[in-house]
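Colleague: Residues per chain are reported as follows:
2 protein chains.
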Amino acid sequence: MAYTANSLKAELNERGWRLTPQREVILNVFQNLAEGHHLSAEDLYNELQSQGDPISLSTIYRTVKLMARMGILRELEFAEGHKHYELNQPYPHHHHHLICVKCNKTIEFKSDSILKLGSKTSEKEGFHLLDCQLLIHAICPQCQRSLLPG
Amino acid sequence: MAYTANSLKAELNERGWRLTPQREVILNVFQNLAEGHHLSAEDLYNELQSQGDPISLSTIYRTVKLMARMGILRELEFAEGHKHYELNQPYPHHHHHLICVKCNKTIEFKSDSILKLGSKTSEKEGFHLLDCQLLIHAICPQCQRSLLPG
DNA sequence: AGAGTATTGTGTATTATTCTCAATAAGTGA
DNA sequence: TCACTTATTGAGAATAATACACAATACTCT
Ligand SMILES: [Mn+2]
Ligand SMILES: [Mn+2]
Ligand SMILES: [Zn+2]
Ligand SMILES: [Zn+2]
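Read top to bottom, the protein sequences are chains A and B.
Sequence positions in the first sequence follow my numbering and run 13 to 162.
Sequence positions in the second sequence follow my numbering and run 13 to 162.
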């Protein structure tokens, strides 16, 4: 069940917030993003720029944060010093990430048992689940061979 | 199997690196850290300061990064804008985190099935596993009640 | 349409983390 | 034990991601 402009508006208004063209366009970018892709704030800024919908960096930071807290986007912290975002999709699109801490190569994989564990755990503690992600930090085959320090 | 000064030295030297008093002291702080505690770089800086082993912030940042890449420490990114570190312990101490994205309340929980999945996945891709952590972003009971924006 | 207020864009501030570089000291082998 | 090589440290400056302040704008509701 993908978001439409209307369902997004409904969810925003319910909390006393507003639907703006910026928010709608930003959500669209994520909905059209190919599988396995993740955007940083700056990526998103450039993408919007080049598709002719320029939006200020401030608004971008505010919006992705807002949408992550609504559970619309998931916030991913790989090993690069800045956050990445992607659509927070339910089963069967929900997935996890295996990351090389040296070169940032990322592999996605699925697991519904983790998703179940995430729901069960947050429910048990009375938390409202937003996102559950297994993050595997590792070193890829190529970087294992390289003798470079660090 | 906790690290001793000697085993740490062996692992460092094996890679052409050196054991320094700073590295030894930093590892000790983490080994003496109570369960459920996590230190930011600044926390660690202050802790060392007050225990009479002052170490520069530069060295602290370099050391925790080094130890994370060696698999000695695990790097945790909660929702506060800076990293936290804790000892990377194997089963049965290995655990995961449920975090409130609004107030940062953190609850730890264990799961050996995730640990297995992490090993299996990285092995399958030929990666050398460093750490595997399930991160559950959620909103705690108290913050659900609060009507504050954000 | 108008009131009330959430949101935007611009510019600036903050702050975690990295970088630079000269001084120091760990490892190694004679 | 003593040099020799070079990894490491500490101090400070630099960087870069993100947050903030505020006046102008534009949603939403009546
Ligand atoms: Mn992904
Ligand atoms: Mn922990
Ligand atoms: Zn790699
Ligand atoms: Zn909370």
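Among the clues, some could well be false.
Because identical chains cannot be distinguished in the list, a pair is counted as satisfied if it fits within a single copy or across any two copies.
Derived lysine to aspartate or glutamate pairs resembling EDC-like cross-links, with alpha carbons at most 20 Å apart [unchecked claim]: (1) LYS128 to ASP55; (2) LYS122 to GLU23; (3) LYS114 to GLU89; (4) LYS128 to GLU92; (5) LYS95 to GLU59; (6) LYS132 to GLU47; (7) LYS77 to GLU89; (8) LYS136 to GLU23.
Bear in mind the hints are in silico, worked out from the structure with no lab data behind them.
Note that the structure is a prediction, hence the values are computed from the model and not measured.
Colleague: Against each hint, give a clear statement of whether it holds in the structure.
Modeller: Outcome of the hint check:
1. LYS128 to ASP55: neither (32 Å within a copy, 34 Å between copies)
2. LYS122 to GLU23: Close neither inside one copy (28 Å) nor across copies (34 Å); limit 20 Å.
3. LYS114 to GLU89: This pair counts as both: shortest intra-copy Cα distance 14 Å, inter-copy 17 Å.
4. LYS128 to GLU92: neither (29 Å within a copy, 26 Å between copies)
5. LYS95 to GLU59: For LYS95 and GLU59, the Cα distance is within 20 Å only inside one copy (16 Å; across copies 28 Å).
6. LYS132 to GLU47: neither (27 Å within a copy, 23 Å between copies)
7. LYS77 to GLU89: So LYS77 and GLU89 pass the 20 Å test inside a copy (13 Å) and across (15 Å) alike.
8. LYS136 to GLU23: Answer is neither; intra-copy 25 Å and inter-copy 41 Å both fail.
Violation of the numbered hints given earlier is confined to hints 1, 2, 4, 6 and 8; the remaining hints are satisfied by the structure.
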